[in-house]
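S.K.: So the protein lines, in turn, are chains Z and U. The opening residue of the first sequence carries number 1 in the working numbering; numbering runs sequentially from there. The opening residue of the second sequence carries number 1 in the working numbering; numbering runs sequentially from there.
Source of the hints: derived by calculation from the structure; they are not laboratory data. Honestly, I wouldn't trust all of these hints.
Sample of chain U residues at the chain Z side, in silico, Cβ under 10 Å [stated by the list, open to error]: (1) 48; (2) 98; (3) 141.
Backbone N, C-alpha and C define an ideal beta-carbon position, used for all residues, glycine too.
In case you want the letters, here they are:
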Amino acid sequence: MELKDKLVSSFLAFENHINVDSKVHDIRSEAIKTFENEGFPSKKDENWKYTSLKSILKHDYSVFPKQEKALEYKDVKQYFIHDIDTYKIVFIDGKYSSHLSQTTHDKIDVCLMSSALEKPKYELIIENYFNKIAAKDSLAVLNTAFSREGAYIHIPKNQLVNKPIQIVHFSTGNEVALMLQPRNLIVVEENSHVQIIERHQSLTDNPVLTNSVTEIFANKRAIVDYYKLQNDKHKASLVDNTYIDQKRESLCSVHTFSFGGKLTRNNLNFFQNGERIDSTMKGITIIGDKQHVDHNTLVHHIEPNCESHQDYKGIFGDQSTGVFNGKVVVEKEAQKTNAFQANNNILLSDKATINTKPQLEIFADDVKCSHGCTIGQLDESALFYMRSRGIPKKEAKALLMYAFSNNVLNSVKIPELKHRITKLIAHKLGINIGFDL
Amino acid sequence: MLKINDLHASVEDKSILKGINLEVKAGEVHAIMGPNGSGKSTLASVIAGKEEYEVEKGEILLDDEDIDELAAEERAHKGIFLSFQYPVEIPGVSVTNFIKTAINETRKIQGLDNMPAKDLLKKIRDKAELLEIDRKFLSRSLNEGFSGGEKKRNEIFQMAMLEPKLAILDETDSGLDIDALRIVANGVNKLKSKDNAIIVITHYQRLLDHIVPDYVHVLYDGKIVKSGTKELAFELEEKGYDWIKEEVNA
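Isolated chain U (complex conformation):
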């Protein structure tokens, strides 16, 4: 589904990704871990199409199509979803209106009419229930005054509504208490299928207790320096990142 070959990317002439190779197949869950500043969030933003990042070399293929030239919205229309580490507050636009606009804009591109209001409302109800979101919450301005946990839950709610092919969860566990973490992970697991894939970006192993990865990659200084199975995550939790750094720098 997603294939990244020798990806180099920079922001404001500062090189951040220095040759990433990654392949994610349908039905898989990949975790990307690594110390602060290793380039995890940059990788997520580059895949999602943030314009500030310059791809200098390499390619990102989605279903064998190079998406480098595509705008963020076009990538979204092709099924890429990024759950933000810091979701942006948009006062004046309710959660419902926002998601409605996102869904209908995507449908427009696909040549479909707007989703009938009845279907939309039912879907909103079902997905809100899945993530244990109060209905009142949906009429509030998007992310405005939301707690950290509410913001993250709202991200996964949008993911549930948009049903992406490839979901990238950037530090979704930060700011979540244990109950919220369970709800969010449970929601993600219910959305998992053999046709979609998930990339979980995290510092800590605790989220991976709930969303169990098929593969774990360690990103350090802009490169994937180690890959393994979920046991690698336990090892990192136990030993920290210093041994990885030592291995790389040796």
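Next comes chain Z alone, as it looks inside the complex:
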């Protein structure tokens, strides 16, 4: 059976396990209908021209894992930022692991989507925020149809959350092939500040397909720093759909570090609903083999005096492929917008490919918008310069690549995370340099 048909028929089984008499379930039922009509995107869709899901959709994925598997912290510690205290929301094959998690209801809610969807005390928030900004494209609606579990984070007014929150999804390989559809809702009220780190980690080489949706609401003057660490195994694929709604004077940033996985598609969408908003999207992609990473960004400037900053760096080796599709829309009312976009790429091999496409739609006349894409090789004259000072070729190359990704790395605000990413990059480049950039 094709995956699409399997998913549609699984929806009936899914309904046996959930409360079907709820407003949320009306949304789910609507969503599965849309998915049934549309199916998975193909390369014929303009937005999917350079990314084909065909090879990853052919597996016979389990939609609901048959059995649960426990994990010991010591065995998976390496996947956490473990040298600092953090809140943790951890899932194993899509099921919440209370054993590995550290949640809270003390002043803030760092807990589970399933409880938020079911418990009456969250009803108002769910009604106000759930599925309000997620797109209606087929992958997002597919997630909506099966939305049940994920992270639920609610930070009330004037809270400076004192430690980062880690959202980690493990897949254990218990199933021959597994499809996961985590659903996260994050609401940050006025003047509050939160830092979140998200990771999807497969523990075996069994195929995993994750189709994730995260909705983030940053209210007045809220600050949200979100970090996505994508360093999964070779048979794990991820479609990440993230939507951020910002109110006036809020500051949101999303950093995406893509170093692994078979296929990764990041759909990152910012909506600026207020004045003096600042949105930042940055990423470092370093891949090889036949890996594929696609960054599809949208920033929608709706009101005046806002800024957006995009800075994506990519290093592609072997036969890997990269896509950057960055869309900036500036509405007529959004005067004095400053929108910057940069996408710089280095191809390390003749067989690596990058498709980069800026899309600017500007309807206001008093704005500053810039975009720049570069594709190049490592600078030979810089390599010779470094080698002539005694730095071996491999280290010189790595140093240049570090230097290349430096401004993105430097804006990571959690030192331990920055250190971890530096190490991951060094590992990825196969060297050890004697200093942190």
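Got chain Z sorted already, so can you dock chain U onto it with the hints?
M.R.: For chain U alone, coordinates are given in the frame of chain Z:
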């Protein structure tokens, strides 16, 4: 120390060096002068091991060892240093981190541990002082946004840190005002010893007022066509290169 015998080199099938012979002994300063396009910078790059240049014939010996097969970094580890005419900008890597990496990579090859941070900092301080370099300058990205003079001074600072056996200064005087020229030359002179040697490549005689050469060679059309003492440099300054060309072409 350095012995070049009948060196022929080309880039992209274009023959540039056409039979260079040169011997430089420890403790000596040699100046190589010549008109534009005569092959001066090529000679410097070939000695330093730039891969684009093909050595077609002849040999380069460093302490009697043929270095033709050695990579640029291996030559650096053996004590060859090239001060670039156009130093490359490397955003994101500070001067300090760069020099630290260069020193420690060289030490690694020599079987030594990393230089202790304290010693390294002291050395950086001393050498920065020698070249009148502001400490703040050292935390800036290598050569990024540096003025021409700052770049050259930074080259000589790296030379001071690496203490090469053979230093080749390629047009180090270009882009320097008279004060910077004095500082750079003074730095080079302080680094000169009986155990190392310096090759100064320049168009003009003015640098040679400060770094006094033992020998002056004129390179023209890929060959050394005339050698002499520092008086030759004065003669070239006065008369230009045309008389050399005429002599050669006659």
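S.K.: Evaluate each hint against the coordinates.
M.R.: Going down the list of hints, with the structure as the test:
1. 48: With a minimum Cβ separation of about 5 Å from chain Z (threshold 10 Å), the hint on residue 48/U holds.
2. 98: holds, 8 Å
3. 141: holds, 8 Å
This entry satisfies every hint, going by the numbered hints stated previously.
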